[in-house]
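Asker: Please dock the two separately framed chains into a single complex, following the hints provided.
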Amino acid sequence: MSITDLTSMAKPEEEAKEDINEVLNGLKEDVPSFCYQCGKCTSGCEAFILLELEPSKVMALAKSGFIEELKDSDVIWTCLTCLKCKERCPQDLAPVDVLFALKNLSVSSGKQIDSGISNMLQSVLSSGMIQKPKEVRDHKNEGVNREDTGLPECPKPSQEELAKLQQTLMKVAQEKLR
Amino acid sequence: MELGLYLGCLIPTEQYAYELSIREVFPKLGVELKDIQGPTCCGAPLRNINMSLTMYLSARNLALAEKQDLDILAPCPYCHQALTRTMAVLDENQELREKVNSHLADEDMRYQGNVKLYHVLDLLHDVVGVEKIKEEVEKPLEGTNIAAHYGCHLIRPNGLERPDDSEDPQKMESLLRAIGMDSEDYVEKLDCCGAHVMVNEPESALTKTGQKLEAVQERGFHGMATMCPWGQRMFDSKQEDAAATVGASLELPVLYYTQLLGIAMGISPSDLGIELNLSPIHKIEHLEVEE
Ligand code: SF4
Ligand code: SF4
Chain A
188 MSITDLTSMA KPEEEAKEDI NEVLNGLKED VPSFCYQCGK CTSGCEAFIL LELEPSKVMA
248 LAKSGFIEEL KDSDVIWTCL TCLKCKERCP QDLAPVDVLF ALKNLSVSSG KQIDSGISNM
308 LQSVLSSGMI QKPKEVRDHK NEGVNREDTG LPECPKPSQE ELAKLQQTLM KVAQEKLR
Chain B
883 MELGLYLGCL IPTEQYAYEL SIREVFPKLG VELKDIQGPT CCGAPLRNIN MSLTMYLSAR
943 NLALAEKQDL DILAPCPYCH QALTRTMAVL DENQELREKV NSHLADEDMR YQGNVKLYHV
1003 LDLLHDVVGV EKIKEEVEKP LEGTNIAAHY GCHLIRPNGL ERPDDSEDPQ KMESLLRAIG
1063 MDSEDYVEKL DCCGAHVMVN EPESALTKTG QKLEAVQERG FHGMATMCPW GQRMFDSKQE
1123 DAAATVGASL ELPVLYYTQL LGIAMGISPS DLGIELNLSP IHKIEHLEVE E
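Note that the protein sequences, when read in sequence, are chains A and B.
For the first sequence, the numbering used here begins at 188 and goes up steadily by one.
For the second sequence, the numbering used here begins at 883 and goes up steadily by one.
This is chain B alone, in the form it adopts within the complex (with noise of 0.2 Å):
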């Protein structure tokens, strides 16, 4: 399988570990990764100031991979919403759907509708399939309790296709299994980041993230697992922040699931981008980083 990697804005200019981790592991377990020439902003960001904004610049995206012939991977669910909500209404919507045209032919596009959108999740969980994924584990991460941080975007709004249940996902789980590692239900799992605004209310942003981390810490997982460069950064690059926010002592390990994979898989953690996690990811075992 052949897919056009889409990577949106965060993770190519700071989340590096997700894209090192994701380029490693997915050629492993069958599916090439072509990237998609000439990419921008899905536009999600700037849903706040112009909705035509995002919409255009979504559709300009999808356009570039029908121009490849390729289908698409967007690792980040906020691209991944933004991506499948424009193939939505412009499915539905043909006069919209000309309008958009009209302006992508000024950029030499055309937005035809042939094009398939898949995440991190769904691609490891529906389409390489966890029995492929168990076979191709050499290490088993055993003894490792990991709480599973989805991400707003991810999972929400069910009117639009998700990934998984927007009120009771349970792949991630299931993909951490997988691995060895054990995973359940937490009552904050569902809770928000805060990464939204980061920007303009960053005391508010920080008590949000600081407060997930102090529930899972205390019901005692050794450690959390996104497929979210935004909650990611928030988890993880800024956890001592989120500490000092909210007061608390946090030692939590947060790590990207494609790193758990990686190492899982024999993967040289350095390669999965292991030395630019912030948290104290030492703590798990099974996590060797050069000192």
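The following block holds chain A by itself, in its conformation from the complex (with noise of 0.2 Å):
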């Protein structure tokens, strides 16, 4: 079980298209004619700076119907999730759900992603956690894992709740539950 399972379910690109249309059509009526291009949204950008992230041009791309380059590019993956956009939009729209929307699509029609971000898929799908629990450094640079603590056993799910949520959780990727 893996991410490529997860890849290569990929949708046809029509389908995904509907389906990018239907998360802008979520996020308020009609999107199209509600972005006007303020730039409220890219001024208080977390990621404008440093990562050249436009969440206002994202707007402008998607509602003009460039899904495919804004799904194949590598800005989408820089949104801090920082959720100012969506606070500050005089609009009320949200072009941190857009991406995250843009972000699914990328996954879904099979592209590469970083292998940070699939990990944690990954060990989801086979522990229950994006990681298991770490040996960390204390203030004198000595190991420490969890059990030196002094901390119960740390909470999980029997090996045979984590079998079932497997195979669900391999039914709901390819659901919409939003």
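Stretch-level coverage of chain B by chain A, calculated; a stretch enters the list once three of its residues show a Cβ under 8 Å from a Cβ in chain A:
hint : region
1    : 891-902
2    : 932-943
3    : 1083-1093
4    : 1152-1160
To list a few chain B residues with every Cβ distance to chain A over 12 Å, as calculated:
hint : residue
5    : 913
6    : 953
7    : 1007
8    : 1008
9    : 1014
10   : 1017
11   : 1022
12   : 1025
13   : 1043
14   : 1052
15   : 1059
16   : 1067
17   : 1125
18   : 1126
19   : 1167
Heads up, simulated DSS-like pairs for lysine-lysine below, C-alpha to C-alpha not over 27 Å straight-line:
hint : chain 1 : residue 1 : chain 2 : residue 2
20   : B       : 916       : A       : 319
21   : A       : 343       : B       : 910
22   : A       : 351       : B       : 949
23   : B       : 949       : A       : 363
24   : B       : 949       : A       : 319
Note that these hints are calculated values from the structure, not bench results.
Think of the CB as a built atom: it goes at the ideal place given N, C-alpha and C, for glycine as much as any other residue.
Answerer: As structure tokens, then:
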């Protein structure tokens, strides 16, 4: 079970486009006429200066139908999910959610994503969590494990529960739960 | 009061100091914590990949709490926001709730929609209350000016029920004052820690971290308090890397608010995981760390 299993269930392009339109529409009944390009989202965007993400431009491109180009671009992966764009848009739009939809589309169309991101999925599928308890360093640079801290055992699902969860997640990944 | 503790992923797998200090302080303030059994990731980190997974995983954890008949304390803002969002969506959209429940049924679970959710911030400020905290203080941490870092997901977006105001949060400051510290607003208060792109754009992520730390340090604060494991990981655990990335000399003590609270309540610092902080916390008076 892996990310490739999820991505190999790639949707046909047409269906994928319908998908994103649905997301766009869900964000407000008719996004194209609502974003008036005021640029407020970009002016407060945490990823603007450093990573050159311009959420207002993403909105403009999405509304003009450049879904393909957006979904294959690297810039959609630079969003810090600070949610300021969603908070501040005078039109109640959410560029951050459009970016999430584009990233989802990119994954389901089989684009190779950063291994750090796909590893989290692998880990959730195999253990229920994005990572297992780690050895950390203390201020004397000595290794400390969870057990050394006196904390109780890490609460987690049983093997049996995990097996069921895996099956469900594989089904859920192909559905639209939003 | 009894609550189900839902830790998410980052806290129980590496941010041990947050968990230790939470398990220490809350029972002493009249909040008993029980572990939610069989929890998984809240799904928020998978939102990039597939939003349906996020929705399902959040609903599953909510259903687990309902099964144990417990309201939830979710100390991670990222989890707290994902769970809040799922609750809001499933409360409004019955059709979707049924779809989610049909999958949950395969795991012998059901989400009914009658669970309440708290974060450390609202639990301390609105439920336990500032007055009660003041009463419990044995050792006021006076003479120290601390910058509050809330974390983006704790306060945004306004459209969802969040524990404090999106643009002008003040509860953490009042909690800091309750234990004797000073805390005032600063221009960079709402700035992001950078954590979200740490896996794919580490240099930019660390630049965000370093820039905020540098600003806080230059403004003369003695340290920073957080309530977010992702923020703490960047500002404390990765402070050295952040300093190297922005080319600044950073020496800013960064602690979880629950650690500071515990110290003020007279709990031994080592029971609060203080040895696990990597920033120079000894620079703050009252924080004796065994060398
Ligand atoms: S703030 Fe809203 S209306 Fe203005 S450009 Fe951004 S998405 Fe469009
Ligand atoms: S959520 Fe993303 S796109 Fe929106 S302002 Fe923050 S970094 Fe920019």
